[in-house]
Structure formats: C-alpha cells, structure tokens
Amino acid sequence: MDQWKIETETLSFAYNGREILTNASTRFTENAITALVGPSGSGKSTFLLTLNRLWETLPGGSLSGRVRIRFDGQSHDIYEPGYPLDRLRRRVGMVFQMPNPLPMSIFKNVAFPLLLAGERDRAVLAARVEEALRRVHLWREVKERLNDSALALSGGQQQRLCIARALVPEPEVLLLDEPTSSLDQRAARAVEELLVNLKERCTLLVVSHYLDQVRRIADRVVELSDGAIREGR
Amino acid sequence: MNGWRERAAQGIFALAALVSALLTGSIFGFLLFFGLPLLTGGRLTAILTQPWAPYQGAYGIAPMLAGTMAISLLAMSIALPLAMGCAMLISLSGPGPTGRLLRKAVAMMTAVPTVVYGFVGIFLLVPVVRQLFDHGSGMCVLAAGLMLALMVAPTMILFFCDAFARVPRDYGLAVLALGGTETEKLLYVTLPCAWRGVLTGTILALGRAIGDTLIALMIAGNAVRTPTSLLDSARTLTAHIALVFAADTESLEFKSIFACGLLLYLFTAVMVVGIRAAGRRRPGR
Amino acid sequence: MRRRMGKLLPLFAWGSTLTLLAAIMTIAGYLLVEGMPALDRTLIFGDTPPLAALLLRRPVFGGLLPAIFGTIALVVLAVAWAIPLGVASGIYLAEYATTTAKRLLDPAFDILAGLPSIVVGLFGFAVTVFLNRHFSAALHPCLLVSSLALAFLVLPYIIRTTQTALEELPPAIRMTGPALGASRLQNIRMVLLPQALPGIASGVILAIGRCAEDTAVIMLTGAVAAAGVPRSLLSQYEALPFYIYYISAQYTDAKELATGYGAALILLAICLALFGLAFWIRKGLDRRALAHF
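Residue numbers (my numbering), protein chains in the order written: chain A, 1 to 233; chain B, 1 to 285; chain C, 1 to 293.
Everything labelled a hint here was simulated from the structure, so no lab data went into it.
Where hints are given, some of them may not hold.
Said to hold, decoys possible - Stretches of chain C that chain B covers, calculated by requiring three or more beta carbons in the stretch to come under 8 angstroms of a beta carbon on chain B: (1) 54-63; (2) 103-109; (3) 234-245.
Every residue, glycine too, gets a C-beta built ideally from N, C-alpha and C.
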C-alpha cells in the first residue's frame, strides 16, 4: 500500500453554520492525484481550506479534530497550538478556482513567496522565477514582458502563473480548487498535463466537477457528501 | 521566525486604536473637569433652567437650548420633506442618467463648507427676510433654519437613497409584475421596507443640524433670549461656545460653555447609542 | 385616492428636487456673480509683487496669501497627525480586533465622528488652558493646537475608511498572501494595504476637505484675522474659512467685503475639487473591482 501524506482524524468542520464535515477520518496518498468530487454545495472547496488552515483568515468557521501531514518523514499535527502557519502554508500550496494574480508585475507575482521569505538577491529571484515559469510552460510566452502587470494576461496564462507561484516555495502538498473551471478547453488540457507531471514531487488534491477530467488525471477519487468522505468508484 | 515583529505590529495597531478610543473619553473628561464647578451643589438645575444674566450672576443656558431646538427642528421640518421628495425622484428615475446626475449633484452639495452657507446667508437671505417680514435685522430663527435645512438636506438624501437601494429588488419586481406602477412600488414596498434607514438618516441629520456652529452664529442674531417666533433672533449652544470662549477663564461665564459642550456631547452619545440600537434589531423577517 | 397619489407623488418629488436645486444654484450663482470680479492678483497678493510674496520676502497686506498658506499648513499638519493613528487603528479594527474589542471600540469612534466640531475645538482650547496653567505659560492657542484638534476631528473618518477599505477586499485577495506563506503582518503590508490604498486615499482626501472647511475648531484654537504667513507651530495664524467668517462680521468697506466673496469662492472651489477628486478615485476603484470578476 502507498504511503499516506495527509490524514484527518475525527475532523468536524462547520462554515457559516453549515456542517461540512462530521467526524471524518480519511487518508490521502503521497505522490498521487486525489480527485475530490461531490454534489455542488457540499463544501469541497472549504474542505481544502482546513488542510492549510486558510479558513482561519475568513470569519465564520469552526473546527474540531485533527489533521496530520507527513513532512520529512515525520507526522505533524497542524492544529497543534503554536504550529507555524507560514511554514505550513509554504509546504501546502494552494491554487484557487479563479486565477488570483496580485496586482503587480508578472515577475513580482512569481517572486512573491521568495520576497515573503526575505530573499532580496536579484539573481536568485530571477533564476527561481524563470525556473517556475518554465515548469508551467509559461516562460516562452512572458519572458519579454516580465515587468508587465500580471492582470493583463489571459485567463489561462493567469492560472498557470498562479500555479507557478504556488510551486515556488517547493510545496509538498498542492491543493487545487477547480483549477480549470475558468479556462477554455485548450488551456485546461495544458494545466491537466502539468498536474500529472507534478505528481513526482507533490501530493495533489484536486476539487473537480468534470468527470472526464477526473478520469484522465486522478489516481484516486473520493466523494464528499453529507459531511462524510467516501472512497469513490 | 519574525514572531516578535508580528507581535510588536499587533501591539502598535492595538495601541493606536486604544489611544483613538481613549481620546473620545478624554474629551468628555476635560469638559466635565472644567464644567464641574458649575454643575455641583444644586447648580445643575439652575443652569439648565435659568436665563442668561451674567451681571445678576445667572448663567443659565436654557435660552441657548431653546434656540438650538427651535433652529434645528425648523431646519429638519423643512429639510425632511425636501430630502424625501428628492430621494424619491432619484429612486423613481431608476438607473437612468437623470437619477445618476441628480445623485452626483446631491453628493457634490455635501462638500459645500458651512461657512459659505453662512456667508451667503448674511448677504443674500437675511436682507430678503428683513424686507419680506419687516421685522428687526432679518437675522433670526427662520433665516438660520432655512440655511441649515439646505446644509443637511443633501446628507439626508444620500442616506435615504441608500436605504431605498437596500430594499431587495425582488420585492419591487413583485409589485411591477402584478401591474403596479413605479410610484406604487415606491409607496407600498420601498418606503415601508426602508423606514429604518430613513429614521437613521433623519437622526444623523438632526445631529448635524444641532452640531453646526457657523450658520447659526452668522445669521441667527445670537440674542440671548428664548425665541417666541420664527422672526426672533436666537443663540444656539454651539454659537454660545464660540461667542463666550474668550472670556476670563476663571469666571462662571466661561465655565458655562462647558455645560453647553457637555450637553452637545451627551446628545451625540445618545444619538449614537440610539442609532446602534435601531440598527441591531433587524426588520422582522 | 390611489390614482391621485400616483399623480401627486411625482409632482411632490419633482417640486422638492427643483426647490433644492434652485436654492443651491442661487447660492453658487450669487457667489460667482459677486466673487468673480474680486478674483485677481490683488485678491491674493494685495499690493505686494507675487514672486516676492510667494518667496516670503515681503509680507502681504490686504491679500489672501497668508490665509491660504495658513490653511495649507493647517491641513498638512492635521492630516499628518491623523493618518498614522487613523490608519493603524483602522488596520486593528479590520484585521485584528475580536468581536468583543469591536463592540467596545465602535461606540467610541461613532461618538467621536458625531461630535460637533465646536466641541472638539472646545476640547483643544480647554487642554491648552490646562497646560498653560499647570505646565508652561508659553503655551497658547496656535497652529499646533489647531492642527491637533482638527486631526481629532477627522480621525474617525480615516479610521472608518481604512477599516472598510480593508474589510471590503474579496476573500480571494485576502487568502492569496497567506496561501503563499505570508504572515499576518506581511499580508497586510504587501497585499492588503496596497489593494486598499485607493479606498484609504479617497477617505484621506475627504478628511483634507473637512480640515480645509472647518471653522468652528480653529476659531477656538488659534486662528486670527491678522497674523501674516505662519512662521512657527506655536504662532497664531490666518485661515481661509476664518477669514470669511471674520470679514462677514467686521468688514469696513466694499473692497474688504469683495475679498470675502473672493475667499468664499476660492474655498468653495477647493472643497468641490477635493470632493471631486475623492469621488473620481473611488469610481476608478469600483471599475477595477468590477474588472476583477
């Protein structure tokens, strides 16, 4: 059996008075793509936020239970009091449904996680930005205009930019909330291909509505409904 | 990593908020500290009821209270219907250019300095009032009330419009779908649903009317007498502060302006609490 | 009955709107007609050569320059005091404060926002009297006191616009920074504040307008009719709104009164321009927010 990367134990989560998970205990396999499906409104996207504690930045959530993630072979209880959130979120990256580039240049967007970590060396930044943009096959398209606003890119380019940005801190887990739903088919395919390639270095959790997409990329499918997480077909 | 920096920043932000909040308290404290000699020993009732006669040792601010009430209530009774009508027009004309333009014009009007209203009041309105009624100098409750109405009306209109806009669109559509007109929609749905916002806007405008200094100071005449007619000259609490503050700081006369300040402060506090209470209770279902 | 209502209501609405517009047009028109002829070089500089006056080489008598300089100094100082305190408080309310803390702080800021400006002026004056009596007899109402009192007056505006500008940011933006490992402070500094800047700026501009037009605070805290261009924080000063008030009561001849009209027109223009600027910034903000979705 494959090694697990993320484990939830009796996890209950409510958001704005709506019960999303009740006592859910489940595991997610390492270096695999797990697709998260379920009826719309079942809280798939909000569930993702419990794995990097991002729900805490929004009002109206309440949680009990445990989430463990295996970093460097060691199991970390991420809800342990005082657990360093910035480190957690660098290790658990996230890509949102709507591309969310910051209103800065393309370069600064991708370099942003490094700037946060205090990196100021231009050469290092440039090298890492190029590497990340190459990995999402965006480098050729934007290398001439790295200083243009990221908001000027097309939707598909913006989403790949956001994936590149999420990859910069070298996350071990990548959470993706319907990453292709705002893209046209061609751009969506490019992103899918990318995700499959990322499997070697990351554990991926993808919320998806598209069954054919799930079939194409997922190693495992789980369904979230009525507050429980079940193994899909 | 930068834990102390995070904590220091949070501490600084919290401290700033605390200082700002304490400022509100310290304003009250200072007014009380200076006004206290006049409020103790049974003099409180005297100051609220007596007339103003410094040479006889009477420092009552009752006439100023009456002046404030007369002028601001007159202003409100003129401004309320005007503002209501104008807000209705904006609401009736919908999202078209008329409504948008009107809204912009009204918003612009809120930027007119009150000293400008006072200035134009002296040289344009007061002579007209004087000639029309042939009574005194023309500086009177009526003149100040009219100008004040003009000053507070734009704020009220904007507030009413916002209250109308917050009424869910479906309600209005339901009326229109039943064959009702825009006017009926406004009358039977929008207004009843928005009354709380209308009330809040009115209270806020009353607060502005009571708190304004320059218009009354410049065109109400400042006579220390309880006005008995619209054409009487009157002095407001605010104008009284502006007129007397330069007096000898040890005198009771000087202390009386702190009683005015306290009264204005308390009025503001009651208004704020009232509005918060009105806002908290959501309209039933 | 209902029929008649349907006809009367629009009539009433149009009637009150036209009344209001006519009144405000009369005021603006009157100021324009009376004030325009006064608008010339001598209105601002008196008989002093403009360049010498601007460089403060020669004092200006009978011109508005000292009042204009006074108002500018006053506004700049007041806003300089109010921005750090107000923005920091706004950040605390939007990003850190618990519900309980907000419940305790909110009424204080609401009361501060609702206080008549003469009460704030009286507070400034009382504090000055107090300090003068107990600490330093050198302290009198002056530019410093006025600017501090004005800062208190506009503090709640700046707090509230900062708070709303931050709170109105969509969750997607709010989560972007933390999702990449930004700490709370980093997120505020590098993502949220830059995004909220136009909103905060429009609030600051409205605050500037408020400082420029307020008369009640400054008449109690150091504005006088004749002081020349302000030389020090501890000196008395002239200001446009106070000049308008003073002239309206104390003018001696038609020429002096004409400068009053000119000053009123200039002040009105400044306030409308500032308001327009704030409006324009906020409109750009709305458009950008729409483009984002």
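In rising order, the numbers of the hints this structure does not comply with: 1
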